[in-house]
Amino acid sequence: MMGGYGDVQLLRDDGKRLDGRAIDEMRPVEIKVGVLPAAQGSAWVKQGLNVAVCAVYGPMEAHPRKIQRQDRAVLDVRYNMAPFSTGDRIRPGFNRRAREISKVTAEALESVVLLERFPRSKIRVEIEILAAEAGTRCAGITAASMALADAGIPMRDLVVGIASGKIQDTVVLDLDKAEDNYGQADLPAGICPNTGELVFLQMDGDLSIDEYNLAMEYNYKAAAEIHEIMVAALAARYDGGEA
Amino acid sequence: MMGGYGDVQLLRDDGKRLDGRAIDEMRPVEIKVGVLPAAQGSAWVKQGLNVAVCAVYGPMEAHPRKIQRQDRAVLDVRYNMAPFSTGDRIRPGFNRRAREISKVTAEALESVVLLERFPRSKIRVEIEILAAEAGTRCAGITAASMALADAGIPMRDLVVGIASGKIQDTVVLDLDKAEDNYGQADLPAGICPNTGELVFLQMDGDLSIDEYNLAMEYNYKAAAEIHEIMVAALAARYDGGEA
Amino acid sequence: MMGGYGDVQLLRDDGKRLDGRAIDEMRPVEIKVGVLPAAQGSAWVKQGLNVAVCAVYGPMEAHPRKIQRQDRAVLDVRYNMAPFSTGDRIRPGFNRRAREISKVTAEALESVVLLERFPRSKIRVEIEILAAEAGTRCAGITAASMALADAGIPMRDLVVGIASGKIQDTVVLDLDKAEDNYGQADLPAGICPNTGELVFLQMDGDLSIDEYNLAMEYNYKAAAEIHEIMVAALAARYDGGEA
Amino acid sequence: MAAPVPNLLRQEIERLAADDKRIDGRGRWERRAVDLEVGLLYNAEGSAKVTWGGTVVYAGVKFELRTPWPDRPTQGSLMCGAELRPVAHVKYEPGPPSPESIELGRVVDRGIRESGCIDMESLCIVPGEKVWGVMIDIHVMSDGGNIFDACGLAAIAALRTAIVPAERFDVGEDHVLGVSSTPIMASFTRAGGRFVYDPCEEEELGGDERIHITLGDTEHLHSLQKGLKGAFTPAEFAEILDVARKHCAELRDLVASKEGN
Amino acid sequence: MAAPVPNLLRQEIERLAADDKRIDGRGRWERRAVDLEVGLLYNAEGSAKVTWGGTVVYAGVKFELRTPWPDRPTQGSLMCGAELRPVAHVKYEPGPPSPESIELGRVVDRGIRESGCIDMESLCIVPGEKVWGVMIDIHVMSDGGNIFDACGLAAIAALRTAIVPAERFDVGEDHVLGVSSTPIMASFTRAGGRFVYDPCEEEELGGDERIHITLGDTEHLHSLQKGLKGAFTPAEFAEILDVARKHCAELRDLVASKEGN
Amino acid sequence: MAAPVPNLLRQEIERLAADDKRIDGRGRWERRAVDLEVGLLYNAEGSAKVTWGGTVVYAGVKFELRTPWPDRPTQGSLMCGAELRPVAHVKYEPGPPSPESIELGRVVDRGIRESGCIDMESLCIVPGEKVWGVMIDIHVMSDGGNIFDACGLAAIAALRTAIVPAERFDVGEDHVLGVSSTPIMASFTRAGGRFVYDPCEEEELGGDERIHITLGDTEHLHSLQKGLKGAFTPAEFAEILDVARKHCAELRDLVASKEGN
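Protein chains in written order, with the working numbering: chain A, 154 to 396; chain B, 154 to 396; chain C, 154 to 396; chain D, -17 to 243; chain E, -17 to 243; chain F, -17 to 243.
Don't read these hints as lab results, they were simulated from the structure.
These numbers come from a predicted model, not from an experiment.
Careful: at least some of the hints might be erroneous.
[Said to hold, decoys possible] Where chain D lies over chain B, by a calculated footprint (3+ residues, C-beta under 8 Å):
hint : region
1    : 214 to 223
2    : 226 to 239
3    : 301 to 314
[To be verified] Straight-line distance between alpha carbons at most 30 Å, and here's what the computed DSSO-like set of lysine-lysine pairs gives:
hint : chain 1 : residue 1 : chain 2 : residue 2
4    : A       : Lys199    : D       : Lys211
5    : C       : Lys199    : F       : Lys240
6    : B       : Lys199    : B       : Lys374
7    : D       : Lys211    : A       : Lys185
8    : B       : Lys219    : E       : Lys240
9    : D       : Lys73     : B       : Lys219
10   : C       : Lys185    : F       : Lys211
11   : E       : Lys112    : D       : Lys112
12   : E       : Lys73     : C       : Lys219
13   : A       : Lys185    : E       : Lys112
14   : E       : Lys211    : C       : Lys374
15   : A       : Lys219    : C       : Lys219
16   : C       : Lys256    : E       : Lys73
17   : B       : Lys374    : F       : Lys211
18   : C       : Lys256    : E       : Lys211
19   : E       : Lys73     : A       : Lys199
20   : C       : Lys199    : F       : Lys73
[Claimed, not checked] Some, not all, of what chain C presents toward chain E, calculated at C-beta under 7 Å:
hint : residue
21   : Glu253
22   : Glu263
23   : Leu360
24   : Ser361
Idealized CB from N, CA, C, for every residue including glycine.
My request is simple: use the sequences and hints to build the entire structure.
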């Protein structure tokens, strides 16, 4: 955000975006569950050219003891970008950005998983970004809630990760890479599709309060669409009898 | 020490030092205790332009178990320089110099704290250098013994940190930054003002045995002066009823 | 291996190697045990200009508990090159190469040590390379099995570390530094001299299956020679009554 | 420091909340006393100390000469880091940066960076060759609750009073670092079931969700962060945002009052 | 994923071995089904996904411009790394690279490097100044046994389908990375007292010795590695080597079938 | 290696001290036998092995070409490090450098550096561009007590016999590293209530304070360090210093006897 590239043209004369999308149109989303045989539950999310894969393990005994909670499970969440997922290779290992995203993703999921059902245990959620084209933290949150569902972990609601943003003083849904690099703001959110609650929220850049409200309206609209794809993916898994 | 800058003039024609001090005169010292509300005990020491702040926590249960001592408390001492405390920013994290100073400071304090009163427990001593102008390890030791006193930890004696050194073949008290950079020797000591014992001693550079004896004489003289300031600071704390 | 230096001449016109050795001749080997007073068992191996020293400690209680095995001892093996052991100084600390060699060395030794005699315990094997002239992992394995014997740890057999390789399309025994740098293949093996079994094997470069068989034949021949030196060193230790 | 009795404390906070009260007697949207001092520290090119209730925070600014990134040859850089060292509270352990300290540093960094208050072009000395790197380090010395707001305040105050040490680096005359606006953070925590502004240490023990909002001079949003476990509704957010506007404006005036000293 | 019952399982594997059978019904030298896909991942200059029984592995190739080593001014460089991240199995923990992952990466690396399939001279752009660094990263996503062979296959397939992104780096036109041969790894484990090819997860639970063999197009050996506790005889090795030749040839054809897609 | 029985051992040491005796039969100010060998190690440009009672220590010197620090364009650099690796004693664990090993390296380093025995200007090759970096690494192989003095001795002996490998780096002819004096360390520990010189392993088990003194050729002090818990008086220090002078002179002669071999 705010890279000082105000002169990059991101909207066409016909009001559409460079890739032909309308301002309130999200990139195509595909979702599959049960993709990793070694995991308890897993999911694969493709949003535009992003690919996020998530494995869930557990509930299992939490160790060392000092991380155990007497009244609930702990979620151990890692968000990781594969070295080949970005334009320039990134060195393996947990960087500051990944640690922050892991933390807020864990907190979003803790808000919906019925942790009190599994005292003293641990649930591991492993999010791997295999290809990154802006919006990976949102794709990762969607993948994580799908993998938890695939693992049969009880939840109050799913979580949909989705972002809107601002480019050329215009609020748009679901920024792609160029829009993220040269845009003016990004507002990623984690929305519970049934309750309408927010369990994840970040923002950077520059948004007036009215722009914030419009961006959030787009996020809610997209969350409903993605929710349908999620439900269909879960249904396909159990219809197919693969479990 | 021994930077090979023998031609830098550090004494004026009138025999005084560049900042006007006499050769056996220390920099102004200010001390306050009870400066950090979250700590069990705390102290702030300003010596010249050095600022050292210390927080003490405990005694508390020592864990993991393997660090416990059945017959006494362990002291967990950290000396740390803030990134902005020096001319060039220093990267956060514990470097070799800080580890050595932490070790010898801990050993100095262990020599006076009545550790046997608190078996199996731990006392944490956190020394933070916020501004460094030569002599921070000594200011840190003084701050630490004040913070321990403020926390009500029983001690055989206080410890005063103070250094003398050699510049232009002359022994002087309490080197400042230029004197430290271009001088010939530094002799920091930790002195118990009541017993007269040494619990901390380092030295580097070049000192004849006679020069060593004179430098140590200056150190003892200054320790008595600083001790008065320390006692006054503790008295002010309890008079003021802030505890 | 395969550095692309095919034009370096490593064989003389008389069929001998640059240092005068025949193609199936190994470098001189010297072995001593009981060289480190603080260790339970120790050995010093000089092979050519390589110097490998090994200390063994234990069996001792394995801690932390989670590394304990109910039915056997664990071997904790470290292979480390001293900073001054190589042409360019190497930074202290465990690098990827050292970790791999430590792993395969441990696995070789686990294949001969009677671990089941010491349930829940740990045996530490510390290999230090003080001078490196190609072949240090093999010298380290030989030193380790000698130090284990010196410590009185029961073993099914000793292990001899020895390598053959290929230079100028010719299979040769025991590559030295130039041969290792400019050669075509290296085949280090860990051979049990009594059973004839292999407990360690690596290879890189380019070897036809026939070349492999010849190289391994050389390795077995050398292992028998080194075994005699090992037995003599152990005998000297106990004859000398130094234990 | 009282021993934490989380369950009893939580019940007490809930009981008080039912009467619209808080554990330290404040109103729901009331702030604790804040004291700001600047320019205290030798060697820091800009510095600030914030005392905010029982919280004490220092920030220091340092400069270095850097080669610019090849794709941004005329831009300097800004780096903001926070350390939650064990000096600040019995709960902080030594070791590598915790997720909490990384989040703290990154949220403060985004609020300042994204406000655009520092023109990266103004940090250029020789295009493609030499630019200033500005580094703000925040040192939390005593955690008495709401360290996010205290750190944000210390950071912007240290920046707005910083002097670029051009003479020491032989690249011209010392000058004030140009900072064109004053982004301010306001933080809220759910305590007793409802959100409150400026949580104290006891209110943070509940561990319920926090919302951090950074507003610029024109009341635009520059950074948002929801932290910790919990969910909230858009209506709750709208109410909070309104409170944030008032407090950010007040604290912006406090910063202004310390400049030019 | 069944809970591991090592002792019972070991007995069952031994019982089956006495009848020359394996736990998943395969013959001793039989391979599981292998699926190979290439070019799947945006941003990777070459990529491959291998599904090998219950094992799933991705490999991605990236390029960077480097200054060559002073003693090899006309040579580029190759780097191959593998990560056994906790995504792949409940048994993998987060933390610094384990000895297992280091061994995996280095064995795959040696097989490719030592085959000479990439001419380091072909990676030179300006001698002494600018060469390509080729980096293959292998990401194990699901460990269902025999990850070594799956990683080796993914790595060489990603390399053989990689495009050198010269345009993006302003050093000419994009072109295929020249890879002159197809080194393939074949791995064997002792299970039930004898060696088997392509061990499944249950067969690996025994923890007995493994042998990894990399063969080039001409059936020369390029890399050998014995892993884990255990001893073997030269005769056993000779038998294994023969099996390896057949399977390496088959998998080499599989890679070829995906090229030029 | 006897199992440590600290309490009984401490009592025994105290009992002996009352009769002015030591656990290994030595007098209070007596030294154990010291053997010094130099030039043993291929690849090290200078090397020494010290066997000091049950303590065995190697030191090796390496050289590298460096760019000088901008503020000292005509000066090379010296770096001295010590490793207390787990090879040396059952009490040493693997892991990052311990405070003990850092202190050891820094105390040895200061004794050599501050004596001025190496003229940093003599390490300059091209002012502002190219200087020598001299690196002494000390490897403790067996800790039988008083490793400080053994490490100090090994380091200065390795330095005084080191050859600058100028030919290998293409900057002239190989030559002796000029080392103008021979700083020697002498260490004392409180055992049985009084100080003793050259503590053995058993005397160190008490864990009482140590004093390390480095003296130069003219008996000037170049480094002091008090380590471990404990207090001492100026009078005790004066007595120790006198003993140090005698032993440092003896060991300085031992170093001299190995030079030019």
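Hints and how they fare:
Evaluation of the coverage hint for the region 214 to 223 of chain B: breached, as 0 residues show C-beta separations to chain D shorter than 8 Å, against a requirement of three. Under a criterion of three residues with beta carbons nearer than 8 Å to beta carbons of chain D, the stated coverage of the region 226 to 239 of chain B is upheld, 7 such residues being counted. Note: the region 301 to 314 of chain B has 0 residues with beta-carbon separation from chain D under 8 Å; the three-residue rule is not met and the coverage is violated. With a C-alpha separation of about 27 Å, the suggested pair lysine 199(A) and lysine 211(D) falls inside the 30 Å cut-off, and the hint holds.
Only pairs whose Cα atoms come within 30 Å are accepted, and lysine 199(C) paired with lysine 240(F) is accepted, the gap being roughly 23 Å. Among the hinted pairs, lysine 199(B) with lysine 374(B) is consistent with the structure: their alpha-carbon atoms are about 19 Å apart, no more than 30 Å. With a C-alpha separation of about 27 Å, the suggested pairing of lysine 211(D) with lysine 185(A) holds against the 30 Å cut-off. For the suggested pair lysine 219(B) and lysine 240(E), the alpha carbons sit about 57 Å apart, so the restraint of at most 30 Å is broken.
Between lysine 73(D) and lysine 219(B) the alpha-carbon distance is near 20 Å, which keeps this suggested pair within the 30 Å criterion. Taking the CA atoms of lysine 185(C) and lysine 211(F), the gap is near 40 Å; set against the 30 Å cutoff, the hint is violated. Proposed proximity of lysine 112(E) and lysine 112(D) is supported: the alpha carbons are some 24 Å apart, at most 30 Å. Pair hint lysine 73(E) plus lysine 219(C) holds up; C-alpha atoms about 14 Å apart against a cutoff of 30 Å.
The straight-line distance between the Cα atoms of lysine 185(A) and lysine 112(E) is roughly 43 Å, outside the 30 Å bound, and the hint therefore fails. The straight-line distance between the Cα atoms of lysine 211(E) and lysine 374(C) is roughly 24 Å, inside the 30 Å bound, and the hint therefore holds. At most 30 Å may separate the alpha-carbon atoms for a hinted pair to count; lysine 219(A) and lysine 219(C) meet this at roughly 15 Å. A threshold of 30 Å between alpha carbons decides the hint, and for lysine 256(C) with lysine 73(E) the separation of about 18 Å falls inside it, so the pair holds.
The straight-line distance between the Cα atoms of lysine 374(B) and lysine 211(F) is roughly 24 Å, inside the 30 Å bound, and the hint therefore holds. Under the criterion of a C-alpha separation no larger than 30 Å, the hint pairing lysine 256(C) with lysine 211(E) is consistent with the structure, at around 10 Å. Only pairs whose Cα atoms come within 30 Å are accepted, and lysine 73(E) paired with lysine 199(A) is accepted, the gap being roughly 27 Å. Restraint check for lysine 199(C) and lysine 73(F): satisfied, since their Cα atoms lie roughly 27 Å apart, inside the 30 Å limit.
A distance limit of 7 Å between C-beta atoms decides the matter here; for glutamate 253(C) the minimum to chain E is near 5 Å, and the interface restraint holds. At its closest, the beta carbon of glutamate 263(C) sits 4 Å from a beta carbon of chain E; the interface hint therefore holds under the 7 Å criterion. Given hint, leucine 360(C) at the interface with chain E, holds; its Cβ is 5 Å from that chain's nearest Cβ, closer than 7 Å. Taken as an interface hint, serine 361(C) checks out: its beta carbon lies about 5 Å from the nearest beta carbon of chain E, inside 7 Å.
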